[in-house]
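J.: Read off the chains here:
Protein chains: 4
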Amino acid sequence: MKASVIGATGFAGAELLRLLDGHPEAEISYITSESSTGENIATMYPHLKGRIEKELTSMEDLNKIADASDVIFIALPHGHAMKIAKTLKNKDVKIIDLGGDYRFKDVKVFEEWYKTTHEDPDTKAVYGLTELYRDQVKGTNLVANPGCYTTCSILSLVPLIKAGLIETKGIVVDAKSGTTGAGRGLKLGSLYCSVNENFHAYGVANHRHTPEIEQVYSEFAGEPVIIQFTPHLLPVDRGILATCYAQLKPGVTEQQVADAFTNMYKDEYFIRLRGLGACPEIKDVRASNYVDIGWSLDKRTGKIIVMSVLDNLVKGAAGQAVQNMNVMFGLEENTGLKHMPIYP
Amino acid sequence: MKASVIGATGFAGAELLRLLDGHPEAEISYITSESSTGENIATMYPHLKGRIEKELTSMEDLNKIADASDVIFIALPHGHAMKIAKTLKNKDVKIIDLGGDYRFKDVKVFEEWYKTTHEDPDTKAVYGLTELYRDQVKGTNLVANPGCYTTCSILSLVPLIKAGLIETKGIVVDAKSGTTGAGRGLKLGSLYCSVNENFHAYGVANHRHTPEIEQVYSEFAGEPVIIQFTPHLLPVDRGILATCYAQLKPGVTEQQVADAFTNMYKDEYFIRLRGLGACPEIKDVRASNYVDIGWSLDKRTGKIIVMSVLDNLVKGAAGQAVQNMNVMFGLEENTGLKHMPIYP
Amino acid sequence: MKASVIGATGFAGAELLRLLDGHPEAEISYITSESSTGENIATMYPHLKGRIEKELTSMEDLNKIADASDVIFIALPHGHAMKIAKTLKNKDVKIIDLGGDYRFKDVKVFEEWYKTTHEDPDTKAVYGLTELYRDQVKGTNLVANPGCYTTCSILSLVPLIKAGLIETKGIVVDAKSGTTGAGRGLKLGSLYCSVNENFHAYGVANHRHTPEIEQVYSEFAGEPVIIQFTPHLLPVDRGILATCYAQLKPGVTEQQVADAFTNMYKDEYFIRLRGLGACPEIKDVRASNYVDIGWSLDKRTGKIIVMSVLDNLVKGAAGQAVQNMNVMFGLEENTGLKHMPIYP
Amino acid sequence: MKASVIGATGFAGAELLRLLDGHPEAEISYITSESSTGENIATMYPHLKGRIEKELTSMEDLNKIADASDVIFIALPHGHAMKIAKTLKNKDVKIIDLGGDYRFKDVKVFEEWYKTTHEDPDTKAVYGLTELYRDQVKGTNLVANPGCYTTCSILSLVPLIKAGLIETKGIVVDAKSGTTGAGRGLKLGSLYCSVNENFHAYGVANHRHTPEIEQVYSEFAGEPVIIQFTPHLLPVDRGILATCYAQLKPGVTEQQVADAFTNMYKDEYFIRLRGLGACPEIKDVRASNYVDIGWSLDKRTGKIIVMSVLDNLVKGAAGQAVQNMNVMFGLEENTGLKHMPIYP
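Those protein sequence lines, which keep their order, are chains A, B, C and D.
Counted from 1, the first sequence has number 215 at position 216 by numbering that gives the first Met the number 0; the numbering is strictly sequential.
Counted from 1, the second sequence has number 104 at position 105 by numbering that gives the first Met the number 0; the numbering is strictly sequential.
Counted from 1, the third sequence has number 185 at position 186 by numbering that gives the first Met the number 0; the numbering is strictly sequential.
Counted from 1, the fourth sequence has number 137 at position 138 by numbering that gives the first Met the number 0; the numbering is strictly sequential.
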């Protein structure tokens with residue numbers, strides 16, 4: 000299985016290389032970068048030395064890349080994948096896009112939140128939150144891999160929404176992400192001295208992962224769901240914690256809550272239910288494809304607080320992308336993804 | 000003005016020493032520690048070398064300490080201050096307690112949340128959130144200095160509650176604190192390797208600062224307010240960020256919100272209104288007594304999100320204690336507290 | 000291949016579990032802890048959940064453990080392994096000790112630096128710096144796995160010592176280690192607030208890894224070598240950087256230096272020569288078994304500066320232990336150890 | 000006393016603002032930035048809000064700035080100060096340059112290490128390591144403020160060199176600096192994800208602070224001294240630790256070493272001798288103007304190891320600049336500089 004990575008020098012791209020290198024069925028074909036074309040990836044990322052000593056090429060000749068690939072991962076900012084997928088529409092190659100271009104059923108939602116005209120509005124992709132859409136992933140050639148915050152937020156509350164245990168009005172998702180989530184671009188806010196010993200919210204009331212979360216919540220609720228989503232920047236490399244607040248419907252018991260989670264996730268390799276009273280920590284899943292979920296019920300307020308953690312570069316990006324690849328090619332879903340979390 | 004510090008070797012105690020050393024009107028009298036009696040504080044805390052080379056004494060002979068002090072700061076875990084204040088009831092010495100013993104109007108609330116019988120239930124202290132209770136602080140001999148999360152949470156929403164702009168039902172306070180908040184005790188969860196590159200919630204639905212916040216919210220609301228409060232542990236030394244969510248009453252405008260904050264805080268030296276759209280960062284106030292407040296309104300959800308930051312050891316503990324001391328002794332409120340934040 | 004871990008709850012023990020879980024030929028038999036006997040290791044270390052849900056037993060019945068094991072790893076502080084190995088002397092089980100007990104050819108050196116009487120002075124182990132003593136490791140039942148600083152320091156200079164390119168007098172090794180090196184014990188100096196944003200030397204002129212480094216340097220020099228070794232504590236979880244200074248012999252060229260490294264390491268899977276002018280970073284090898292080595296020559300001073308990095312829990316402890324296990328059992332040396340470094 | 004800061008938006012510039020704001024005799028006149036002319040400094044650095052709400056101007060009209068200033072601090076990269084000082088040669092204004100332009104007695108050394116032609120080669124400045132050159136600082140109008148590594152390294156060994164207790168051949172200075180030392184420029188190596196959990200050397204055998212250290216060592220030795228200097232990048236905001244290695248002359252005693260330090264520094268407010276066996280920590284002096292020094296003697300090797308720490312932005316830059324200003328204007332040397340270290 001030949002895999003190419005378009006945009007291999009970002010953090011998600013480099014993480015894909017790590018995972019593909021250790022994948023028993025995958026072989027890396029092309030890796031591309033427009034800004035570092037011709038450079039050896041291991042010069043830029045010395046941790047790859049001796050493992051992936053490949054030259055970065057341009058993505059200009061997409062057909063050449065497609066011909067040499069069974070699957071292409073696109074790890075670029077939004078706006079690029081729509082061009083690439085459009086170009087390769089008739090090629091026999093599977094595409095997994097880690098960006099936002101194909102995540103929305105309604106193109107207008109994309110255009111409104113991303114302030115961009117969609118250039119390939121009629122192509123429909125499968126939303127690759129594997130645990131929820133596995134069957135559709137299996138049969139598609141184009142997967143829209145979910146966002147990092149999104150994966151965490153969706154997996155936290157969908158069991159309760161599906162089981163009808165919580166009010167879908169008034170949901171608050173207060174999320175915190177490690178700094179790899181901000182990418183490798185040179186921004187003042189990404190400097191060590193800006194992030195270290197610091198913490199703050201950003202994108203309040205307007206972050207692009209909001210409509211993505213709402214899309215799935217709404218689907219499982221069977222009615223439109225609007226949420227309050229607030230991301231924050233953590234002084235750590237990797238990891239997301241989503242603290243999700245929802246009002247329990249009257250009379251809902253601890254057991255019903257536990258059952259909802261168990262029913263939905265009991266056979267999932269990558270979801271570890273930590274249960275009532277547990278406060279999962281981001282380090283519990285670092286560098287792995289796991290999602291750990293814990294929850295608490297507050298009798299005084301009638302609210303449930305669900306907390307879940309994942310590694311934003313693995314289950315929140317490259318890991319889930321490989322998971323989707325495995326599904327698309329009929330492999331065991333956890334092939335090449337059984338890494339233990341790195342602790343401490 | 001002679002000041003003694005009971006419990007000088009904890010982080011709040013050491014911060015009090017830093018602030019008192021730089022205070023033009025204060026002189027440090029006794030400093031105590033039961034576990035390190037006889038030791039020079041500068042041996043334990045070399046940053047104090049050349050500045051505070053004082054011997055730690057026992058707090059056993061409280062009367063001797065009181066006789067040599069105009070003011071006594073108590074920086075001990077809850078349960079101690081009630082004994083000390085009771086003993087010194089008839090002494091002519093002002094007491095500022097940084098713990099929880101005297102923070103509640105209703106002793107039963109204390110007993111329920113702290114699982115302890117109050118030994119001095121009839122003594123009433125003034126709740127020392129200086130900006131709100133300045134006049135009462137002026138006339139008292141016993142100040143209950145507020146908790147760190149509490150100060151941050153209260154200052155964020157009280158202007159809106161007082162002005163009647165938000166629903167008092169359904170408030171969520173999602174707060175994040177630096178690790179000095181966990182104290183200097185030897186706990187596995189406080190080890191570098193436990194906290195670094197990590198993040199998690201704790202005390203979900205049962206943290207002791209909850210009823211303290213509710214007490215003040217209720218007072219300003221004129222009715223009982225119940226909130227959802229969730230603290231988290233940040234991998235930084237100092238700083239708290241509280242992200243507070245409330246439903247705006249129908250028709251409330253941006254201007255009304257801005258006015259509510261301005262009306263309440265426009266003359267406050269230590270409160271810096273950062274305004275609509277601002278996301279204050281904990282490093283903006285580090286090692287200072289400032290509280291920075293920003294907010295956003297979400298038209299889609301009708302919610303307001305108020306974010307405020309402070310240094311948990313300064314405005315959240317020792318700084319506010321000194322601010323109260325200044326008020327009690329008729330000094331300018333910012334005497335000895337004009338430190339600029341340390342950035343980066 | 001059944002492997003047991005004596006002392007499984009320390010950081011090195013937990014890292015052994017991670018590596019053994021991913022090892023295709025190994026199966027974990029007993030895991031022990033005297034302080035947490037009866038507990039599930041995954042309760043203590045939730046990152047292991049779903050992977051290693053084993054009960055911790057006591058190491059009291061060593062014979063039972065030995066009977067159920069092909070290999071026993073001892074991950075305890077010094078002083079324990081000598082008792083265990085002595086007890087199991089006649090058992091058919093291979094032992095790999097991660098502590099200091101068997102690292103010295105001359106028991107008196109151990110006794111002098113560790114201030115302890117050796118209880119098993121006549122047993123000789125093989126010093127398990129695999130790259131240097133592979134052949135002896137192959138044939139032994141008792142491996143003394145080297146210290147973390149030691150591995151890094153030895154691999155840096157031995158090629159130059161062996162080739163006779165540097166003066167063996169006046170060598171300075173200035174080393175810096177992540178905080179996992181200090182262990183999981185509850186010490187004030189290991190608290191987050193003690194380590195974070197901090198840095199300092201310790202064990203100056205008396206650290207126990209000094210004689211261990213000197214032993215190997217001396218062996219390759221053919222004469223006694225005395226060095227200056229200074230360890231420092233880094234505010235990171237994992238990683239060691241050793242900056243090694245030595246005087247080049249007159250006339251030594253860049254090419255001779257490069258050849259010395261290449262001759263010695265060209266076939267080593269785990270040693271990556273980064274070459275002249277490279278400054279390897281600890282993150283380049285994090286969570287992997289790699290050692291990266293770079294160097295610079297200073298014409299003004301006639302000195303060579305060799306810098307090498309490794310992960311103190313992997314190549315500096317558990318990884319090298321598994322590497323030795325592989326050699327002892329005739330497996331490919333990198334079996335179960337091909338993890339890519341985690342970056343960032 | 001009116002003070003202007005040329006280059007106010009870098010880390011050293013911003014730190015100057017913090018110190019000048021708290022200085023009882025100073026008033027900030029102009030603050031300049033070419034890239035942010037017209038902007039309010041408090042917009043860029045919100046920690047200054049309510050304190051320094053000044054507009055950044057261009058440095059184009061130097062005469063206007065000089066006319067409105069008693070002292071001008073230049074906090075720019077090298078190459079600028081030589082132009083500014085040349086232009087203002089006949090103005091009645093004191094200049095303190097925080098860059099490298101005027102630090103060398105021999106202009107050729109500057110030109111060789113900085114690869115730049117000096118445009119003002121005949122102007123002689125005083126080297127502002129205040130503790131060593133106080134008397135000359137008093138009488139000058141142009142101070143070349145020393146580098147951060149330099150201050151730390153020089154103060155560590157000069158007492159021993161002056162007293163003739165160490166060999167001046169073979170000195171090694173292994174130094175480690177916090178990331179503010181790398182400045183606020185947008186470089187890949189300064190990103191949070193590049194620095195966090197990482198550590199590496201840089202500028203090996205060619206860092207520009209080398210000749211600056213050698214210049215002072217040579218002066219006190221009375222003969223040319225060549226050293227090995229290696230800087231490293233620490234994952235902390237602030238702080239430098241220099242670990243200095245030198246060979247003691249035969250027969251030198253612990254007492255002689257202690258006397259050498261005491262004789263030189265006993266009356267220095269900002270130098271705290273921590274003594275034999277002490278390992279000073281960078282956090283012991285954070286955000287203060289202190290330098291803490293400890294040392295160890297190694298009988299086995301005959302070497303002395305001197306370790307000293309300072310805050311690179313304070314004693315290593317802005318603090319020492321203000322200290323020099325105080326001396327130049329006849330104020331108490333510690334005026335406005337008595338800040339306690341911030342711990343933790």
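Treat each hint with caution, since some may be false.
Residues on chain C that point at chain B, a partial pick, calculated with CB under 10 angstroms [claimed, not checked]:
| id | residue |
| --- | --- |
| 1 | 179 |
| 2 | 186 |
| 3 | 187 |
| 4 | 189 |
| 5 | 195 |
| 6 | 236 |
| 7 | 275 |
| 8 | 277 |
| 9 | 328 |
| 10 | 329 |
| 11 | 330 |
| 12 | 332 |
Within a straight-line C-alpha distance of at most 27 angstroms, the following computed DSS-like cross-link-like pairs (lysine-lysine) qualify [said to hold, decoys possible]:
| id | chain 1 | residue 1 | chain 2 | residue 2 |
| --- | --- | --- | --- | --- |
| 13 | A | 53 | C | 337 |
| 14 | A | 93 | B | 337 |
| 15 | A | 1 | C | 337 |
| 16 | B | 337 | A | 298 |
| 17 | A | 104 | A | 88 |
| 18 | D | 88 | D | 137 |
| 19 | D | 168 | C | 248 |
| 20 | C | 168 | C | 85 |
| 21 | B | 168 | A | 298 |
| 22 | D | 168 | C | 298 |
| 23 | B | 337 | A | 168 |
| 24 | D | 298 | C | 248 |
| 25 | A | 104 | A | 53 |
| 26 | D | 337 | B | 337 |
| 27 | C | 298 | D | 104 |
| 28 | D | 107 | D | 63 |
Since the hints were made in silico from the structure, they are not lab data.
We put the beta carbon where it would ideally sit given N, CA and C, even for glycine.
J.: Are the hints correct? Go through all of them and say.
T.: Hint check results:
1. 179: Holds, about 6 angstroms.
2. 186: holds (7 angstroms)
3. 187: holds (7 angstroms)
4. 189: Where the cut-off is 10 angstroms and the nearest Cβ of chain B is about 5 angstroms from residue 189 (chain C), the hint holds.
5. 195: holds (6 angstroms)
6. 236: holds (6 angstroms)
7. 275: With Cβ-Cβ at 33 angstroms, over 10 angstroms, it is violated.
8. 277: With a minimum Cβ separation of about 26 angstroms from chain B (threshold 10 angstroms), the hint on residue 277 (chain C) is violated.
9. 328: At about 31 angstroms, which exceeds the 10 angstroms cut-off, the nearest Cβ of chain B leaves the hint on residue 328 (chain C) violated.
10. 329: Violated, because the Cβ-Cβ distance from residue 329 (chain C) to chain B comes to roughly 35 angstroms (cut-off 10 angstroms).
11. 330: violated (31 angstroms)
12. 332: violated (29 angstroms)
13. A:53 / C:337: holds (18 angstroms)
14. A:93 / B:337: Given pair residue 93 (chain A), residue 337 (chain B) is violated - Cα atoms ~62 angstroms apart, limit 27 angstroms.
15. A:1 / C:337: The hint holds at about 21 angstroms.
16. B:337 / A:298: violated (43 angstroms)
17. A:104 / A:88: holds (18 angstroms)
18. D:88 / D:137: Distance ~18 angstroms between residue 88 (chain D) and residue 137 (chain D) Cα, so the pair holds.
19. D:168 / C:248: Holds, at about 16 angstroms.
20. C:168 / C:85: Roughly 38 angstroms separates the two Cα atoms, so the pair is violated.
21. B:168 / A:298: The hint holds at about 15 angstroms.
22. D:168 / C:298: holds (15 angstroms)
23. B:337 / A:168: Violated. Residue 337 (chain B) to residue 168 (chain A) sits at ~45 angstroms, over the 27 angstroms cutoff.
24. D:298 / C:248: With Cα atoms ~25 angstroms apart, residue 298 (chain D) and residue 248 (chain C) stay inside 27 angstroms; holds.
25. A:104 / A:53: violated (37 angstroms)
26. D:337 / B:337: holds (13 angstroms)
27. C:298 / D:104: holds (23 angstroms)
28. D:107 / D:63: violated (33 angstroms)
Of the numbered hints listed earlier, those contradicted by the structure are 7, 8, 9, 10, 11, 12, 14, 16, 20, 23, 25, 28.
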